[in-house]
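Chain P is fixed; fit chains X and L onto it per the hints.
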Amino acid sequence: MSEKTYTPGEHPDLPPPANLIGPVAWIRKNLLSTPTNIVMTVLAIWFLYEVVPAAVNWLFLDAAFTGENRDDCRAQASGACWAFISERMKLFTYGFYPIEERWRVNISFLLLIAAIVPVLFDKVPFRKFGLYFSCAFPFIAAWLLLGGYGLTPVETDKFGGFMLTLVIGVTGIAFSLPIGILLALGRQSQLPIIRVFSVSFIEFIRGVPLITLLFVASTMLNYFLPAGVTFDLLLRVLIMVTLFASAYMAEVIRGGLQAIPKGQFEAADAMGLKYWPAMRLIVLPQALKISIPSIVNTFIGLYKDTTLVIIIGLLDPLGIGRASLADTKWTGLSNEVYLFVAIFFFISCFGMARYSLYLENKLQTDHKR
Amino acid sequence: MNEATNPNPSSEDYAVVIRDMHKWYGQFHVLKDINLLVTRGEKIVVCGPSGSGKSTMIRCINRLEEHQQGHIIVDGTELTNDLKNIEVVRREVGMVFQHFNLFPHLTVLENCTLAPIWVRKMPKLEAEGIAMQYLERVKIPDQANKYPGQLSGGQQQRVAIARSLCMKPRIMLFDEPTSALDPEMIKEVLDVMIELANEGMTMLCVTHEMGFAKTVADRVIFMDGGEIIEENNPAEFFENAQHERTKLFLSQILEH
Amino acid sequence: MSEAVTPQRNVVSRLWNDKETRSVIIQIIAIVLILGFFAYIIRNAMINLEAIGKGFSFKFLTQASSYDINQHFIEYNSRSSHFRAMLVGILNTILVAFCGIVLATILGFFLGVLRLSKNWLTSKLAYVYIEYVRNVPVLLHILLVYGLIVHSLPVPKQAWGLADTAFLTNRGLFSPKPLYEPLFWVVFALFVAAVIFSLWFRRYAQKVQDDTGYHYPVFWITVGAVIGLPGIAYFLLGSPITWEIPELKGFNYKGGMVIRPEFIALWIALSGYTAASIGEIVRSGIIAVNYGQTEAAAALGISRERTLNLVVIPQALRVIVPPLTSQYLNLTKNSSLAIAIGYMDIVATIGGISLNQTGREMECMSIVLILYLILSLLISAAMNWYNRSIKLVER
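Top line first, the protein sequences correspond to chains P, X and L. The numbers in the numbering used here rise by one with no breaks, and the one at position 276 of the first sequence is 276. The numbers in the numbering used here rise by one with no breaks, and the one at position 206 of the second sequence is 1206. The numbers in the numbering used here rise by one with no breaks, and the one at position 12 of the third sequence is 2012.
I should point out that these hints are in silico values taken from the structure, not numbers from a laboratory. All residues carry an ideal CB built from backbone N, CA and C; glycine is no exception. Any given hint could turn out to be false.
[To be verified] DSS-like cross-link-like pairs, simulated, lysine-lysine; straight-line CA separation at most 25 Å:
1) 2118(L) with 29(P)
2) 1168(X) with 274(P)
3) 262(P) with 2019(L)
4) 289(P) with 128(P)
5) 1121(X) with 2118(L)
6) 362(P) with 1146(X)
7) 2124(L) with 274(P)
8) 1146(X) with 289(P)
[Said to hold, decoys possible] A partial selection of chain L residues facing chain P, derived with a Cβ cut-off under 7 Å:
9) 2019
10) 2021
11) 2023
12) 2026
13) 2031
14) 2033
15) 2048
16) 2078
17) 2080
18) 2120
19) 2136
20) 2137
21) 2139
22) 2237
23) 2372
[Stated by the list, open to error] Simulated restraints on C-beta separations:
24) 258(P) with 2212(L): 44 to 52 Å
25) 2357(L) with 199(P): 22 to 30 Å
26) 2204(L) with 1069(X): 24 to 32 Å
27) 139(P) with 2081(L): 27 to 35 Å
28) 86(P) with 2357(L): 40 to 48 Å
29) 1026(X) with 2209(L): 39 to 47 Å
Bound-form chain P, shown alone:
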C-alpha cells in the first residue's frame, strides 16, 4: 500500500483493496467465512451432488417419452415414463368435455386472460372498460361452458382436468372477494347482531377443514333445499368453496380495515358522508390496497385447495391422474402423475406469489411517494 498523503480536502476516491471485491472475495464471504460456514457449504454441495444428478437422470436422461404402455417405457429406459402423461394430456386439460365442443373451453381460457390483465396491471390502456369486462367474465364463461341459449348444453359432470381447476378457482376468487368484504364490514359493524352473525360465520368456517364442508356439500346439502329441487354436485362444491374462501378473505380484509387510521373515518364523517359512500370512497380503497398481498395469498390457498374436490369424486387433474393409474396399462406410475400435476400447480401458484411480491414492493414505494 502506498502511504501517500493528501492535503486536507484533496483526498480522491480510491478503489477498495483488491481482497474485498471479485468472485474470490464473494465466495470467501458467503461460503467460507467461518468454520461452521465451511461445514455447511460442504454439506450443501454433498447434498446437491447426491440429489441433482439422480433427479436429472430420472426426469430427463433416463426417461421414456414414447411408448404404448408401462412395459414399453420400462423396456426403453429406467427413469420416468412421460409417454403416459402425453397420452393423457387431452384428458388432463379438458376432462370429459365433449371433443367437438372443446373450442368453447379454449375461448373461455383466452377470455380469462383478457379478463385478468386489467385487474393485475394498472397501466393497461382502456383499463376501465377492461374491468367491466372482468366483472362480466364469470357469467360469460358460465354461458360458454354450460351452454344453452344457442349452444349445446354440457353437463357439469363432464367438466374435468385443468379446466375444472380453473372453473372452481376463478369462481371462488370472483365471488369470495365481495362476500369477504361484506363479512369484514359486518365484523366491524356497530350493530351487535350483525357483528355476532359475521363473527360466528367466519369462526365456524375457519374452525373446520374444507374437506368436511365438501362432504356436507356432497352428502347433505340437497336435504336443505325444498323437495324436488336439487343442485348439481359442481354447483354445491362451488358454493362451499366460495363460502370457505370468503371467511378467510374476511379476516384478511379486516386486517386492512384495522390498519386505516381513525382520522380517515372522522374526516369522512365530518364531511357529512354517509356509511356506504364513506366505505366505498374512503375506507375500502385504502383497506383493499393494503391487503392486496394477503388477498393474493388467500387466492393461492384457494387455488391449491381445489385439489380436495377429488375426495368427493370430481375429476380435477389430480383426479384424472388417479383414475388413469387404475388403468392396467399404466399402473404404478404414480410418481410421474403427481409430479406432473405438482409442476402445473407450482407454475401457477409461484406466478401468483411473485405477482403478490411485486405488488408488495410497489405498495411500499407508493407509500413513500
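Chains X and L alone, transformed into the frame defined by chain P:
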C-alpha cells in the same frame, strides 16, 4: 370589528348554542356543564392543558362525539340522534384536524371535490372549479394533481382547509391545526386562517398559538378538567387573567 | 324552550332517521332474515328426511360398526360400536396432528434459521425447498409421499434393516417394542423426579443469580439430572426393559411395533408442508426484531448467544406466535386429508365408513364438524394462553 360585537344578539344570530352540556366516557366525566354561545362571524380560540376536554368539546359540535346531557344547536339545528339533522349540521360545519386526515389514495383535487360531489350532489366540473378557486386561495393550485403524501405538512394542512371550504361551510372548526407541523410551516397555515377570519367566517379554534389568538380572536376560552374556567376578550385574557389556573397555564406556555 | 328548527317529517322518516331506532330496525330485519333462513332449511330438511323415512337420532352410535381399523390405541374390533370407532378416529387425528406439530415446528425453525444463514448456498437451498413446498397443494404432497413409500420402498423380504432391529418396508416401519419389567417403573419414577427437580432448580438458580450474581451451569445440571440419573439407575437395575424384535414371517413382519405407511406419509407430508410456512414465519419474526436491538446488545458487550436468548428471541416470539397458531390449526385441519390415503382419522371413520354404512349423513357430519371446532378451539386457547404468558414475561 364587525357585527359580531353586537352586545345583544337575537337568538337566530347564534351560530352555535351549547347549553348545560355534559359528556362521559364510561365513568369518566369529560365535559362538565358546558355553556357557550357563538354569534355569527365570531372567532373563538379555545385553549387549555392537554386532557382538558377542549378537543372533545369542539368535536361535539359536528357530532364526531356524542354528548349525553344538555343541548347543542348548530345553525338552528339541534344535534340529537336524528341522522338527518346530523347530516345537515355536518354539511354546514367544516373541520380541520391536527393530523390533516387527507385521503392518501386521492389526489389533492379529488380530496377537495369528494364531499361537494357526493354530499352536495354537485356536477364534477363545477366542483373542480370551486376546488381550484379555494386551492388558489390557500396558494397551492399547482399541487392539485399530486397525492397528499408528496406534500409537506404545511401544504397538507392548507389542502385540508381548502377541502373543508369547498363545502361552503358557515362555521369552521379547527382542532389544533398547527400542533403537528414543523415550526417553519406554522406561519403559512396561520396566514390562511387569518385571511379566512378577516372574511368574516365563524371560527372555533383549539390552538396554543397565542399570537394568533391575540390578532384574530374575539374571545378566548380557557378550559381545564372538562370545564370552561374563564372566557374573555384577548386583551383582558392575556393581560388580566382572573383565575389562578389560567395564570399558571399562561405562564407555562408564554415562558419560552 | 328549544329554538331548534326540526323540519316536519312523517313518522316513518323520523323513526328511520333516528340513530337508535334505525339500528334496532336493521337488527330486527337481520335477525328475522337469519332465523327465517334457518327455519326454512330446517323445515326443508325435515320434510325431505320424512319423505325417505329417516329421522334425526344418534342411536346408531351404539350399534356395531362392523368394520376394521388398522391403527387403534384403544381396544377396537369390528364388533365395537360406531361410537368407539369415532373415539379411535379422534385419537388418530390427535396423534398425527400432535406429531405433525412437533416435527413441523422443529423443521420450521431449522428452515427459518437456514434461510437467514450467512451461507449463500444453504440459504438458497432452504429457499428452493420452501418455494416448492408452498406452491404445491398439500394433498399432492401427501399422495406423493405415500406413493414414494408404497412404490419405492422395498417389500418386507428385502427390508432396509437398521442393525437387524428395525425394518423399513413399504408396509411401514417395524421397530422393536419395549416390554417393561416391574423394576422399570423405578427408572421411570426417577425420570419424573428429575424433571420436577430441574424445573425447581431453574427457579432456584435464577434466585441465586438475582441475589448473589452467581451463575450455575443450569443447562448441564438439568441434562445430567434428566438423562444421567435415570440412565445410571437403568444400568444398575440390570436393564429392566426387554425388546420384542419384529421378525419376518411369511410375507410380512410379525411382532414389535409397527408404524403404518399411511401414518408416516401423512406425518412427513403435513410436517414438511407446514414447516415451509413456519420457516417463513420464523424468518420474518427474526427480521422484524429491529437490527438496532442487536447492535445495542453488542454495544453493551452481551455475547452473541446471549443476545439471541435475551434480546432477539423474546421479541421475535411475540411476532411469531400468532401466525404460528394459525399454522398449527391449518395442520390439524389438513390432517383430515388422511382419507385420501386411508389413514383412519375422524373424517375417515365417523364421517366416512360409518356414514356410508348407516346412511346418517346429518348426524355424522354434525359430529365431525363439532369435533373439529372443539379441536380448533382447544389449540387456539392453548396458544392464546402461551401468547399471554410470553407477553407478561416481557413486561
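- prompt: In ascending order, which of the hints set out earlier in this document are inconsistent with the structure?
  reply: Of the numbered hints, 5, 7, 9, 10, 14, 16, 17, 22, 25, 26, 27 do not hold.
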